[in-house]
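Residue-level listing of the chains:
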Amino acid sequence: MSRKGRPFHSGQLLAVLLAMTLASPAYAYIDPVTGSFLIQGLVAGVMAVMGGVRSIRQRIIGLFRRRRDDQV
Amino acid sequence: MPAFQALWEKGVHRALIEQGLMIETRWLAESASAGQLLGARGEVPGCVLEHPRVAFFSYPYEWTFAQLKAAALAHLDLQIAALELDAALSDATPYNMQSVGGRMQLIDVLSLRPYQDGEMWVGYNQFCRLFLLPLLLEAWSGVPFQPLLRGSLDGMRLADAVRMLPARKRWLTINGLMHVTLHASQELSHSRARTGKVAARPTMPKSRYRALLTELRVWINALTSRRPKTFWDDYAVDNSYARDDRLQKEEFVADFVSRGASTVWDLGGNSGDYSLVALRAGARHAVVFDSDLDALEIAFQRQHDHPGLQPVVMDCGDPSPALGWQQRERGGLAERMHADAVLALALTHHLAIGRNIPPRSLAHWLVSLAPRGVVEFVPKADPMVQRMLAVREDVFHDYTEQAFLAYLEEVAQVQQTRRLKTGGRLLIAYQRHT
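Here the protein sequences come in this chain order: A and B.
Our numbering puts the first sequence at residues 1 to 72.
Our numbering puts the second sequence at residues 1 to 434.
Possibly wrong hints are sitting among the right ones.
[Unchecked claim] DEER-style ranges, computed between Cβ atoms:
(1) A:Arg66 x B:Ser185: 54 to 62 Å
(2) A:Arg54 x B:Gly42: 46 to 54 Å
(3) A:Arg54 x B:Asp318: 37 to 45 Å
(4) A:Gln58 x B:Arg432: 52 to 60 Å
[Unchecked claim] Stretch by stretch, here's where chain A covers chain B in the computed footprint (C-beta under 8 Å, at least three residues):
(5) 169-183
(6) 208-221
No wet-lab data here; the hints were simulated from the structure.
Here the structure is a predicted model, which means the values were calculated and not measured.
All C-beta atoms in this analysis are idealised placements derived from N, C-alpha and C, irrespective of residue type, glycine included.
Using the sequences and the hints given, assemble the complete structure.
Here's what the structure looks like:
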């Protein structure tokens with residue numbers, strides 16, 4: 001996964017991060033969202049694969065349905 | 001403003017509104033009242049938008065599982081449709097969704113902004129905390145989520161919430177592993193002040209962004225509640241009413257509503273039987289308040305054919321409090337009272353006897369909710385009340401029809417009454433003193 005690309009507008013990101021910051025006394029919270037960004041690439045990649053599998057499966061089922069219709 | 005205007009002129013909002021995903025919006029070109037509308041810091045509005053009124057503004061802790069699921073699906077559908085139009089949302093919160101005309105729609109029109117090439121889903125964490133985890137709590141663990149959302153406006157931290165979910169589901173399913181386990185573990189490891197590494201800005205191709213939203217949508221669509229059924233599930237079918245009584249009651253309510261009630265609150269309305277009567281008699285909106293989640297799920301299913309019906313999770317004895325900044329961000333029930341009429345049928349005994357609420361206080365509270373109303377007084381002789389008194393000491397000295405009417409007449413005028421043939425219940429239609 002390449003790391004090129006424009007950065008977020010820092011003001012926008014800051015506003016979003018501030019809005020999402022939870023008050024938690026136990027940890028030194030910088031922001032809880034960074035983690036979500038870092039795994040999102042991986043998660044989305046897996047989702048893309050799942051989506052591909054699902055569409056292939058639907059196409060195969062579609063093939064069978066059409067054949068059944070032809071036989072009628 | 002410029003971003004909003006650009007999207008508006010491109011027709012993004014119009015497209016989303018046409019698909020029923022966003023609340024109807026009109027940009028008022030010249031508004032006389034614009035001069036009087038100022039922002040919190042004295043800002044002058046750049047534009048004035050008009051939306052249809054929402055009959056009863058509700059929050060996710062007042063929704064059933066099916067309602068939160070519908071909101072999640074509508075939200076994702078909107079995100080996906082917006083992405084096709086090169087737009088994205090800044091956040092992903094159920095507080096930006098409302099039930100409008102029987103559909104969950106996005107109401108935060110201004111949170112739409114142009115999609116930036118390669119950007120990631122900024123709202124992923126928020127979506128998981130406020131939509132996904134509550135749904136999974138009920139779908140995987142069978143635990144209702146309303147107390148969780150009411151207890152914390154931002155929702156629970158993922159790392160805390162996952163401990164309530166079954167290990168098998170969150171390790172052995174791909175979706176569970178990705179969105180729940182992995183996601184929660186990342187949250188934890190980045191909370192321990194391991195700063196500095198935000199310099200690298202991750203990016204994501206649009207197709208992957210779309211896949212993330214789409215697969216989440218497919219997964220959430222398949223979720224069903226594993227909550228055990230509640231006691232009152234058979235209430236509507238098998239209870240102590242005779243058929244005659246029900247017809248009398250329906251007639252009384254229909255007559256009452258036809259004399260002028262546009263928005264009706266049906267307290268303890270169960271699955272909405274009398275709300276439907278109200279709608280048929282001319283009411284435009286009937287809000288069913290109840291704490292029985294199964295009954296409300298039935299009411300929600302009926303919303304499909306009757307868009308004016310709106311189920312709301314609410315315990316009359318412990319209604320939603322005011323929450324958020326200055327306790328004014330999310331109004332409590334008392335701050336959202338815009339009903340024309342109230343129905344309090346088969347309710348008085350549950351509150352006065354079941355919850356020990358003094359009848360005078362109860363009568364006054366009912367009248368405070370709306371200018372007109374119908375209340376059904378259920379006497380001690382009623383079999384239901386007898387069952388309740390069998391396990392309680394009868395300390396309810398002023399729970400009598402006479403006393404209740406007296407309390408009611410302190411604040412309202414009784415206009416009509418009808419005695420139900422069997423059981424001695426009394427229907428009372430009243431109008432609040434001005």
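Here's how the hints hold up against the structure:
no.: 1; hint: A:Arg66 x B:Ser185: 54 to 62 Å; verdict: violated, 45 Å
no.: 2; hint: A:Arg54 x B:Gly42: 46 to 54 Å; verdict: holds, 52 Å
no.: 3; hint: A:Arg54 x B:Asp318: 37 to 45 Å; verdict: holds, 44 Å
no.: 4; hint: A:Gln58 x B:Arg432: 52 to 60 Å; verdict: holds, 59 Å
no.: 5; hint: 169-183; verdict: holds (count 5)
no.: 6; hint: 208-221; verdict: holds (count 8)
Of the numbered hints stated above, the single one contradicted by the structure is hint 1.
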